[in-house]
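Engineer: So the chains spell out like this:
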Amino acid sequence: DGGITQSPKYLFRKEGQNVTLSCEQNLNHDAMYWYRQDPGQGLRLIYYSQIVNDFQKGDIAEGYSVSREKKESFPLTVTSAQKNPTAFYLCASGGFLGNTEAFFGQGTRLTVV
Amino acid sequence: DQQVKQNSPSLSVQEGRISILNCDYTNSMFDYFLWYKKYPAEGPTFLISISSIKDKNEDGRFTVFLNKSAKHLSLHIVPSQPGDSAVYFCAAKGESGTASKLTFGTGTRLQVTL
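Taken in order, these protein sequences are the chains called A and B.
According to the numbering used here, the stretch in the first sequence is residues 1 to 113, in order.
According to the numbering used here, the stretch in the second sequence is residues 1001 to 1114, in order.
Each hint should be verified, as a subset may be incorrect.
For lysine to aspartate or glutamate, the following EDC-like pairs were computed, each having C-alpha atoms within a straight-line distance of at most 16 Å [said to hold, decoys possible]:
(1) Lys-1068/B - Asp-1055/B
(2) Lys-83/A - Asp-38/A
(3) Lys-1005/B - Asp-1024/B
(4) Lys-1068/B - Asp-1031/B
(5) Lys-1038/B - Asp-38/A
(6) Lys-9/A - Glu-1042/B
Where chain A lies over chain B, by a calculated footprint (3+ residues, C-beta under 8 Å) [unchecked claim]:
(7) 1039-1049
(8) 1104-1112
No lab work stands behind these hints: they were computed from the structure.
If you're wondering where the values come from, they're calculated on a predicted model, not measured in any experiment.
C-beta atoms are modelled at their ideal positions from N, C-alpha and C, and glycine is treated no differently.
Could you put the whole structure together from the sequences, leaning on the hints where they help?
Structural biologist: So, in structure tokens, the structure goes:
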């Protein structure tokens, strides 16, 4: 089955710890994205990658890091520098060209206590 | 600076009637627009899209209209059904030098009542 998989669905971490969220896709998509959604808020872009070994900061990249070593994978690390890490994190993938849609995973809810 | 705006946070429509969701954008470089539907605690699902070379795209009950001069697009759902109750996001692509970057609005919560 083709799709995009985020794991885990729920994640709890202590304040001050780094945590890495997984995102894997088997859709052969070049572009991958990480968004954050807070209660009652829209989707804010954290990082995106248009091709392997390349990624760009989105609108709220501070306190986050990513890597794109493989086409299929785009993990997101939430570092201790992120002031308000508790949120719903969404990963997506899509074609490199402009006129293509992106497909989303089911999301990871991160709670920092 | 919010480049994609959905000024109505919520909308309530009776079953069978038309739902109209609006979206405005400020970046004239955007050339591809998309609508997504989202349920709580789930990822958004793609609904319909439109290229800037068109002014209308239809798919079943869903139609998207684009007014480039006004930098405005709208999603029409006819007839509205209770299962359409969700949050709807518009999104845009095509900023210069970043063909893949996808920018979302803040969403409109649609409630379809019986």
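Engineer: State for each hint whether it applies.
Structural biologist: Hints versus structure:
1. Lys-1068/B - Asp-1055/B: holds, 8 Å
2. Lys-83/A - Asp-38/A: holds, 13 Å
3. Lys-1005/B - Asp-1024/B: Distance ~5 Å between Lys-1005/B and Asp-1024/B Cα, so the pair holds.
4. Lys-1068/B - Asp-1031/B: holds, 9 Å
5. Lys-1038/B - Asp-38/A: Judged against 16 Å, a Cα distance of about 14 Å means the pair holds.
6. Lys-9/A - Glu-1042/B: The hint holds at about 10 Å.
7. 1039-1049: holds (count 7)
8. 1104-1112: This one holds; 4 residues, not fewer than the three required, reach chain A with a Cβ under 8 Å.
Of the numbered hints stated above, none is contradicted by the structure.
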